[in-house]
Amino acid sequence: MLELRNLSVHYGHKRVVGDVNLTLAPGQTLGLAGESGSGKSTVAMSVLRLLPRTARVEGEILLDGDDVRTMSWGRLRAVRWASASIVFQGAMHSLNPVRRVGDQIAEPMRLHGTPGSVRELLEQVELSAQKARAYPHELSGGQRQRVMIAMALACGPRLVIADEPTTALDVVVQAQVLSVLTRLVAEQDLGLLMISHDLSVLAQTCDELAVMHRGELVERGATREVIANPRHPHTAALTAAFPVIGDPAHRWAEQAPQPEPLLRVRDLVVDYGRTRAVDGVDLTVGHGEIVALVGQSGSGKTTLARTIMGLRKPSSGRVIFDGAPVPVKGAALKAFRRQVQLVLQDPASALNPRHTVRDAVAEGLRVHGIRGDEESLVSAAVERAELRPAELYLDSLPHELSGGQQQRVVIAGALVLQPRLLVADEPVASLDASVRGEIVALLLKLRHELGLASLIITHDLGLAWQIADRVAVMHQGKIVEQGSVEQVLLNPTHDYTRALLRAVPQV
Amino acid sequence: MRRGVRLWGRLGGAALSLVMVAVLGFFLFRVVPGDPVVSMTRGRPTTAAMQAELRAQFGLDRPLHEQFFSYFTSLLRGDLGTSFTFRRPVADVILERLGPTLLLVGTSTVIAVGLGLWLGVRAAWRRDSAFDKATTGVSLTLWAVPTFWLGMLLMMATGELFPSRGMRDTDTAPDFVSQALDVGHHLVLPSLTLVAVVCAEYMLVMRSSLLEEMHAPYLTTARAKGLRDDLVRRRHAVPNAVLPAITLVFLRFGLVVAGAITTETVFSWPGLGLLFYDALTGPDYFLLQGLLVVTAGAVVVMNLLAELLYGVLDPRVKVV
Numbered sequence: 001m002l003e004l005r006n007l008s009v010h011y012g013h014k015r016v017v018g019d020v021n022l023t024l025a026p027g028q029t030l031g032l033a034g035e036s037g038s039g040k041s042t043v044a045m046s047v048l049r050l051l052p053r054t055a056r057v058e059g060e061i062l063l064d065g066d067d068v069r070t071m072s073w074g075r076l077r078a079v080r081w082a083s084a085s086i087v088f089q090g091a092m093h094s095l096n097p098v099r100r101v102g103d104q105i106a107e108p109m110r111l112h113g114t115p116g117s118v119r120e121l122l123e124q125v126e127l128s129a130q131k132a133r134a135y136p137h138e139l140s141g142g143q144r145q146r147v148m149i150a151m152a153l154a155c156g157p158r159l160v161i162a163d164e165p166t167t168a169l170d171v172v173v174q175a176q177v178l179s180v181l182t183r184l185v186a187e188q189d190l191g192l193l194m195i196s197h198d199l200s201v202l203a204q205t206c207d208e209l210a211v212m213h214r215g216e217l218v219e220r221g222a223t224r225e226v227i228a229n230p231r232h233p234h235t236a237a238l239t240a241a242f243p244v245i246g247d248p249a250h251r252w253a254e255q256a257p258q259p260e261p262l263l264r265v266r267d268l269v270v271d272y273g274r275t276r277a278v279d280g281v282d283l284t285v286g287h288g289e290i291v292a293l294v295g296q297s298g299s300g301k302t303t304l305a306r307t308i309m310g311l312r313k314p315s316s317g318r319v320i321f322d323g324a325p326v327p328v329k330g331a332a333l334k335a336f337r338r339q340v341q342l343v344l345q346d347p348a349s350a351l352n353p354r355h356t357v358r359d360a361v362a363e364g365l366r367v368h369g370i371r372g373d374e375e376s377l378v379s380a381a382v383e384r385a386e387l388r389p390a391e392l393y394l395d396s397l398p399h400e401l402s403g404g405q406q407q408r409v410v411i412a413g414a415l416v417l418q419p420r421l422l423v424a425d426e427p428v429a430s431l432d433a434s435v436r437g438e439i440v441a442l443l444l445k446l447r448h449e450l451g452l453a454s455l456i457i458t459h460d461l462g463l464a465w466q467i468a469d470r471v472a473v474m475h476q477g478k479i480v481e482q483g484s485v486e487q488v489l490l491n492p493t494h495d496y497t498r499a500l501l502r503a504v505p506q507v
Numbered sequence: 001m002r003r004g005v006r007l008w009g010r011l012g013g014a015a016l017s018l019v020m021v022a023v024l025g026f027f028l029f030r031v032v033p034g035d036p037v038v039s040m041t042r043g044r045p046t047t048a049a050m051q052a053e054l055r056a057q058f059g060l061d062r063p064l065h066e067q068f069f070s071y072f073t074s075l076l077r078g079d080l081g082t083s084f085t086f087r088r089p090v091a092d093v094i095l096e097r098l099g100p101t102l103l104l105v106g107t108s109t110v111i112a113v114g115l116g117l118w119l120g121v122r123a124a125w126r127r128d129s130a131f132d133k134a135t136t137g138v139s140l141t142l143w144a145v146p147t148f149w150l151g152m153l154l155m156m157a158t159g160e161l162f163p164s165r166g167m168r169d170t171d172t173a174p175d176f177v178s179q180a181l182d183v184g185h186h187l188v189l190p191s192l193t194l195v196a197v198v199c200a201e202y203m204l205v206m207r208s209s210l211l212e213e214m215h216a217p218y219l220t221t222a223r224a225k226g227l228r229d230d231l232v233r234r235r236h237a238v239p240n241a242v243l244p245a246i247t248l249v250f251l252r253f254g255l256v257v258a259g260a261i262t263t264e265t266v267f268s269w270p271g272l273g274l275l276f277y278d279a280l281t282g283p284d285y286f287l288l289q290g291l292l293v294v295t296a297g298a299v300v301v302m303n304l305l306a307e308l309l310y311g312v313l314d315p316r317v318k319v320v
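Protein chains in written order, with our numbering: chain W, 1 to 507; chain U, 1 to 320.
Keep in mind that a hint or two might mislead.
[Stated by the list, open to error] The list that follows gives simulated cross-link-like pairs (lysine-lysine, DSSO-like), each with its CA atoms no further than 30 angstroms apart:
1) Lys329(W) <-> Lys313(W)
2) Lys445(W) <-> Lys334(W)
3) Lys14(W) <-> Lys318(U)
4) Lys334(W) <-> Lys478(W)
5) Lys133(U) <-> Lys313(W)
6) Lys334(W) <-> Lys313(W)
Keep in mind the hints are simulated off the structure, nothing from the lab.
Could you put together the complete structure from these sequences and hints?
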């Protein structure tokens with residue numbers, strides 16, 4: 001059904017895909033794994049000739065025996081969506097924000113003259129028919145992704161390409177979306193080409209696995225076989241990078257002695273209008289302790305973090321830092337904020353694209369009016385974040401750095417103020433598998449060397465297993481379970497924790 | 001319930017702006033140097049008694065707060081006062097000039113908006129093409145050129161082809177068709193000037209906002225569905241890209257009423273812009289106040305309309 005022969009893609013002199021050979025039969029499911037920049041999305045886009053004009057595509061892309069590369073525009077438009085469709089990543093941006101989702105699902109059906117109804121398509125993905133009248137922003141992330149799936153099936157294609165369909169969704173929603181997708185693929189006997197950086201996701205959905213590295217296909221085989229006995233070192237690195245909960249080899253945090261409390265949250269309540277986002281939370285972070293706050297999106301964990309940092313006023317309850325309540329305004333609040341620093345999920349948007357590394361790191365010093373040798377303070381912080389030697393990086397702009405380096409700059413910007421607590425909101429969620437491990441190791445090293453405590457907000461239970469001393473599980477504004485990592489993740493007592501653990505895809 | 005509250009909030013905000021404008025209008029022009037009674041009687045021999053009588057007639061001898069009170073209460077009744085120079089109610093004077101201004105500035109704005117948005121879309125869709133470079137270059141040049149200079153240049157370049165003064169000839173036959181043709185003939189040069197000068201604004205706003213959307217993933221989705229390029233543009237790209245231009249366009253529609261002072265002066269077009277210019281030389285307090293209230297009112301109303309329309313075009317924004 002789909003056959004790629006010696007597919008190569010160049011941008012100028014840069015080769016992004018080289019000599020890829022791949023076949024996919026009807027009803028077959030193939031996972032394409034790789035890190036960002038490995039060329040996996042380029043391969044997907046080339047199937048429907050969606051690459052930008054600047055791309056030079058060589059080789060053959062046979063879709064049902066026809067070469068997509070040499071098709072006329074009219075033929076190509078007829079093939080698009082009717083023969084093969086794509087479930088794009090990030091449904092928020094891949095759906096038109098100002099049109100109702102029903103219209104967007106119906107659009108290709110009208111265009112290709114396919115019979116069928118939007119209602120049935122929505123029912124297939126377990127959404128009610130009323131959702132057709134919703135705009136994308138009115139739906140949750142999981143619902144939007146289901147809309148994308150419904151849209152992809154609208155014209156009855158035989159091949160569906162899913163490009164990171166569940167990235168940015170939390171584990172529970174990810175499990176739901178994956179089960180909808182796999183069920184439909186099996187029911188309608190579709191071919192599925194699924195692209196992901198997450199091997200465990202591919203392991204759950206695909207019979208076969210192909211691994212890309214630097215534009216080349218380095219390994220291909222049955223999924224179990226590839227994961228159990230990786231032949232290429234890169235595949236081995238990918239499989240090793242995802243922590244297995246319960247595996248002592250993936251538990252990187254050394255046991256910390258029972259520390260004195262640094263941050264204490266007592267019976268905290270935060271309301272947004274009539275919604276109670278945080279509902280009576282008690283939480284403690286000790287000196288030098290790493291606590292993971294896990295929960296689904298919408299569980300209130302980000303609101304809790306913002307309140308701890310003094311960015312939001314609690315409706316009731318107290319936040320006590322180092323024995324004193326967190327000040328609510330003025331110089332005292334500013335001084336408090338210096339001690340608690342934030343690391344955000346996506347370093348690419350957390351950094352100002354027009355500020356050099358030096359400016360980004362020095363900004364905190366300037367805001368807090370810290371005297372002293374700015375240059376040496378900034379260099380020291382940058383080197384602490386393991387960007388060595390600092391001079392190489394100080395004048396770089398964010399877009400010149402890789403994702404991992406960008407996240408190190410964000411961390412350096414926090415470190416320069418010599419904080420005592422780091423609040424990290426999904427610090428590795430947007431990073432590649434190999435880089436992820438390095439950032440986790442960095443956070444642990446900072447704790448070891450500086451005694452820096454961290455509150456890590458994540459929906460990734462594997463990360464919690466890797467790094468945390470204690471875990472607090474948050475659900476609908478309440479902490480439903482907390483305790484040591486081993487206790488909570490290996491012997492969960494609350495149903496919600498069990499549900500979260502069940503949803504984690506297993507390799 | 002919530003919708004109602006939000007709508008009333010918007011309306012209340014607009015009303016408050018109008019009151020502020022009315023207050024500001026009164027005091028602003030009292031600071032303008034010049035004595036209206038002196039300029040009213042200029043060139044004629046007058047005695048102090050006659051001047052005092054004129055002052056009393058227009059209420060200028062009363063304390064400022066009393067003047068303001070009577071101005072404000074009559075404003076609420078819709079009475080804008082009496083013009084010193086025309087010796088007629090301000091409302092009548094303004095209404096008389098409103099037609100020509102709406103004709104000239106309204107037509108030009110509609111043409112400029114349409115042309116600008118269309119050019120902007122075309123230019124952005126084929127970025128860096130010859131078309132893009134040419135339109136951007138030309139419209140920027142026209143935007144930079146002083147209006148009066150461009151107007152005079154057009155007059156000279158077209159020679160006797162189009163009339164360059166006023167709105168109609170005195171010797172045109174009184175029937176509708178000949179009158180309309182005559183007005184249309186007079187309209188050519190001033191509206192051409194206006195369109196040329198302001199078109200760039202819309203073109204550039206549309207171009208840059210479409211460029212921002214050009215790499216949006218939903219356009220890739222639309223292409224993957226098999227849509228033709230022009231459908232991708234029309235159905236998906238433009239509805240999103242046009243949003244930032246809406247506010248600008250409506251603010252401009254509001255300012256239509258202000259007339260185009262430079263263009264109307266250059267071409268002696270009997271509109272509100274020319275009236276504004278004349279009123280300032282008085283200074284004709286009541287006329288100036290009236291013009292300010294009418295212009296600002298139009299801007300406030302148009303802005304309100306823009307916000308309401310925005311809510312319709314962009315479902316993410318909750319206006320009402």
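A quick look at each hint next to the structure:
1. Lys329(W) <-> Lys313(W): Within the cut-off at roughly 10 angstroms; holds.
2. Lys445(W) <-> Lys334(W): Satisfied, since the Cα-Cα distance of roughly 27 angstroms is no more than 30 angstroms.
3. Lys14(W) <-> Lys318(U): It is violated: about 46 angstroms lies between the C-alpha atoms, which goes past 30 angstroms.
4. Lys334(W) <-> Lys478(W): holds, 29 angstroms
5. Lys133(U) <-> Lys313(W): Answer violated: Lys133(U) to Lys313(W) is near 52 angstroms, above 30 angstroms.
6. Lys334(W) <-> Lys313(W): holds, 15 angstroms
Hints 3, 5 from the list above are not met by this structure, while the remaining hints are.
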